[in-house]
Amino acid sequence: DQQVKQNSPSLSVQEGRISILNCDYTNSMFDYFLWYKKYPAEGPTFLISISSIKDKNEDGRFTVFLNKSAKHLSLHIVPSQPGDSAVYFCAARSFGNEKLTFGTGTRLTIIP
Amino acid sequence: DTGVSQDPRHKITKRGQNVTFRCDPISEHNRLYWYRQTLGQGPEFLTYFQNEAQLEKSRLLSDRFSAERPKGSFSTLEIQRTEQGDSAMYLCASSLLTRDLNGYTFGSGTRLTVV
Numbered sequence: 007d008q009q010v011k012q013n014s015p016s017l018s019v020q021e022g023r024i025s026i027l028n029c030d031y032t033n034s035m036f037d038y039f040l041w042y043k044k045y046p047a048e049g050p051t052f053l054i055s056i057s058s059i060k061d062k063n064e065d066g067r068f069t070v071f072l073n074k075s076a077k078h079l080s081l082h083i084v085p086s087q088p089g090d091s092a093v094y095f096c097a098a099r100s101f102g103n104e105k106l107t108f109g110t111g112t113r114l115t116i117i118p
Numbered sequence: 130d131t132g133v134s135q136d137p138r139h140k141i142t143k144r145g146q147n148v149t150f151r152c153d154p155i156s157e158h159n160r161l162y163w164y165r166q167t168l169g170q171g172p173e174f175l176t177y178f179q180n181e182a183q184l185e186k187s188r189l190l191s192d193r194f195s196a197e198r199p200k201g202s203f204s205t206l207e208i209q210r211t212e213q214g215d216s217a218m219y220l221c222a223s224s225l226l227t228r229d230l231n232g233y234t235f236g237s238g239t240r241l242t243v244v
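Line by line, the protein sequences are chains A and B. Quick note: the first sequence, position 10, residue 16 per the working numbering, numbers continuous. Quick note: the second sequence, position 109, residue 238 per the working numbering, numbers continuous.
A hint or two may mislead.
[Said to hold, decoys possible] Rough simulated footprint, nothing fancy, chain B against chain A, three-plus residues with beta-carbon under 8 angstroms:
1) 16 to 26
2) 74 to 82
3) 102 to 112
[As the list claims (entries may be wrong)] Here are the simulated EDC-like pairs of lysine to aspartate or glutamate, each with C-alpha atoms no more than 20 angstroms apart in a straight line:
4) B:K186 - A:D7
5) A:K43 - B:E173
6) B:K200 - B:E212
These aren't lab readings, by the way, just hints derived from the structure by calculation. All residues carry an ideal CB built from backbone N, CA and C; glycine is no exception.
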């Protein structure tokens, strides 16, 4: 049962344009969502998070949007840079639960 | 702060052998987590510790798997009688606070290949 889904395995975006990565979830108990970035041969690195009491969180070039009614969140990167090329994982957890549930990841390639 | 260290980085073992991995978390972090990532999948939760107490175990953690954190510092994950299906990246992470807003800090992982 895949509770967190990233339906796009890969995405290519021109440098300088906006990258939009999507994530859907099915568990209505999830109340905290995170995005991680992963380079080859490294562990995932925390990027940005959002609580379910918010619908938007911004940090520099990265913005995460949460639509609770649709059980959907998205990560916007603008402008996209070559160093953003990596695999991006969406993750979620529910209140009182330490466990993170990850999606399968989206490989983002920024084309110079 | 040297981050989360995992040793070894790579391990190749024959089916049926036992393997042990080590994780050294960030020193002040009291929570330590183990995840497993297979090809094309996201990390899957295995278990976590608060100090030396193992507080939750996934059903993915069969009786061939055991994890310890004897002094509340480093942790070991042992797999007995390895099977080819155990081939994966084993990730360790640590955090200081419950619901750390910055998420966990992951190590670079141990890649296990069972031949």
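Going down the list of hints, with the structure as the test:
no., hint, in the structure
1, 16 to 26, "violated (count 0)"
2, 74 to 82, "violated (count 0)"
3, 102 to 112, "holds (count 8)"
4, B:K186 - A:D7, "holds, 18 angstroms"
5, A:K43 - B:E173, "holds, 16 angstroms"
6, B:K200 - B:E212, "violated, 30 angstroms"
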